[in-house]
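A.B. asks: Residue numbers (numbering that gives the first Met the number 0), protein chains in the order written: chain A, 0 to 252; chain B, 0 to 220; chain C, 0 to 59.
I should point out that these hints are in silico values taken from the structure, not numbers from a laboratory. Do not take every clue at face value.
[Unchecked claim] Here are some, though not all, of the chain A residues that point toward chain B, as calculated from beta-carbon distances under 8 Å:
| # | residue |
| --- | --- |
| 1 | A151 |
| 2 | A161 |
| 3 | L244 |
Positions of the beta carbon are idealized from the N, C-alpha and C atoms, including for glycine.
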Amino acid sequence: MSNNRIIHWFKYASPQSFYPLAGKMIPWFWGLAAAFFVSGLYISFFVAPTDFQQGEGYRIIFIHVPAAWMSMFIYLVMAFWAGLGLALNTRLSSMMAQALAPTGAIMAFLSLWTGALWGKPMWGAWWVWDARLTSALILFFLYIGFIALQAAIDDARRADKAGAILALVGVVNVPIIYFSVKWWNTLHQGASVSLTKAPSMATTMLWGMLIMALAFWMYSIALALTRVRAIILEREAHTEWVKELPEVKGNGQ
Amino acid sequence: MNAVIAIIRRDLLLAMRRKSEVLTALFFFIIVVSLFPLGIGPETALLRKIAPGILWVAALLATMLGLARLFAPDHADGTLEQMVLAPAPLGLLVTGKIIAHWITTGLPLVLLAPVLGIQFDLDTGALGILVVALLLGTPLLSLIGAIGAALTLGVRGGGVLLSVLVLPLYVPALIFGAGAVEAHISGLGAGGHLSLLAALLALAVFFAPWATTAALRIALE
Amino acid sequence: MNWESPAAFFAMGGYGLYVWGSFGVCAALMILEPILASRRRMDILRSLRRESLAETLDKL
Chain A
0 MSNNRIIHWF KYASPQSFYP LAGKMIPWFW GLAAAFFVSG LYISFFVAPT DFQQGEGYRI
60 IFIHVPAAWM SMFIYLVMAF WAGLGLALNT RLSSMMAQAL APTGAIMAFL SLWTGALWGK
120 PMWGAWWVWD ARLTSALILF FLYIGFIALQ AAIDDARRAD KAGAILALVG VVNVPIIYFS
180 VKWWNTLHQG ASVSLTKAPS MATTMLWGML IMALAFWMYS IALALTRVRA IILEREAHTE
240 WVKELPEVKG NGQ
Chain B
0 MNAVIAIIRR DLLLAMRRKS EVLTALFFFI IVVSLFPLGI GPETALLRKI APGILWVAAL
60 LATMLGLARL FAPDHADGTL EQMVLAPAPL GLLVTGKIIA HWITTGLPLV LLAPVLGIQF
120 DLDTGALGIL VVALLLGTPL LSLIGAIGAA LTLGVRGGGV LLSVLVLPLY VPALIFGAGA
180 VEAHISGLGA GGHLSLLAAL LALAVFFAPW ATTAALRIAL E
Chain C
0 MNWESPAAFF AMGGYGLYVW GSFGVCAALM ILEPILASRR RMDILRSLRR ESLAETLDKL
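Bound-form chain A, shown alone (with noise of 0.2 Å):
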C-alpha cells in the first residue's frame, strides 16, 4: 500500500502530470490570497492603532515585512528545486526555480521600495545603509544575477544546472553577506535605530503583519504555479502529450 502512493507522489514528477494539477491548484491558490488579502488589508488599516511614535506611516510594514520574508523564503525555496534538479536530473524541479525567480525579484524590489518609502518620512533620507536594507539589495541583485545568466544561456539544460550552482553558492552566501552587513552596520554607527526594530509592536500589528505574510505567499504560489504552466508549455512544446492539450487543438477537436 506505502508503495502505491510513493508512486503517486513521483508521477507529479513529470511536467505532463504537474500541467494539469497545477491548473487545478491555481484557483484555490488565488482565492486564499484573496481571503489572506482583504482581512490583513482591513487589519493594516481598521484595526492596528495609531502608532505612538511613527503615526500612521508605520502601516507600511504591513507590505515591508512580508515582502522582506517572501523575497528571502522564495530564494531558499527556488534554490532548493534548482538544487533538487541539479541532484536528480528532474526538469520540473529546474523548471520551477526558474518559475520562482522573478516573483523573488520583485518581492525584493518592494522591499527596498517600501523600505524607502517608509524612511524617507521616518529618518529623513530616501534611503539608509541599514543590514535589512542593504542585505535586500544584495538579495535583489542575486535574483537578478540568475535571472540573467539563465537569459543567457541557450541550451535550456545547461541554464537549469549553472542556475542550480549559483543559487546554491547564493544560498551558502546569503548568511554570510548578511553577517558581514550586520557588522558593517553596526561598526559604522550608520543607521542608529534600525529599521527592523519596532520595539512596540501591539498584538494587532503583528497579526496583521502574519496575514498579509500569508497573503502573500498564496499570491507568490499562484503566481509560481501559473509562470510554471507557461514554461512547462514552452518546453515541451514539441511532446505529443502537449500537442494533444485540449488548448493546444483548439475547440472541439
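Got chain A; can you put chains B and C on it based on the hints?
C.D. replies: Leaving out everything else, chains B and C in the frame of chain A:
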C-alpha cells in the same frame, strides 16, 4: 600534487608570454584608484578616510577583469577538455589554475596597493594592514570569481554577466577587507576583521574549487 | 481604528504619499505580474495552436 604544480607552471608560462594582459589589469587598478581623488577632491583628510574602500573596490574590479582569462583561452583551444579527461582529479587542476590566476592577478595588487595607498596619505601601519587584508582577500576573490567564470564560460555577454554574478558575492570580502584597514585607522584594531576574512578564505578554499569544477563540467557537457 | 473621515483615511496623518506610494506600487505590481505571467502562457498557447494548425493543414 605534481599535476597542480604542472598546471601552475603552465599558466604562469602562458601569462609571461602574454605579459600585456597581466600588466593591463594592473594599470586598470592604478587608473581607477587615481580617478577617485579626481572625482572627489584632493582634501587629504577625506582621502585618507575613503582610501581603504577605494583600494578594495578597485581591487575587486581589477580581479573581475582577470577572471575572464581564467578558463576561456583554455576552453577555446581545447585544453580544458583535455583537463577533464586527464587522470588527475579535475578539482586539483582547477585549484592549480586558481592559484596561478592569483599569482598573476592578486599578488601584483597586493604589492602595488601600498604604493597607491601613499597617494591617499595612509600611514605605514594602515598600509601594513592593507597588505595583510589584500593578501587574505585576493585569493578569496580569485576563488569566488572562478565559480562565476566557470558558470559563464562561453556564454553571451560573458564579462558583464560575470560581474553581475560575482560582485554581490564579493561584498563580505569587501566589508571585512576594507573594514580591517578602517578599524586600524580608528584605533579599534584589525584583528576581528582579519580573522573573519581568514575564515572566509578557509571556507572558500574548501568549497569554491568544488563548485567551480561542477560548473565547468556543466559548461563542457 | 476609527478614521474621522475618508479624507483623514487618505491623508494618513500626513504620511499619505508614503503609505499610498507603498500600497499603490504593491497593488500595481501584484496586478501586473499575474497579467504578464498569464500573457506568457497565452502567447505560447497561441504559437502552439498555430503550429498544430499548420501541421493539420500540411497533412491535408
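A.B. asks: Does each hint hold? Answer for all of them.
C.D. replies: Verification of the hints:
no. : hint : verdict
1   : A151 : holds, 5 Å
2   : A161 : holds, 5 Å
3   : L244 : violated, 31 Å
Violated hint for the displayed structure: number 3, the only one.
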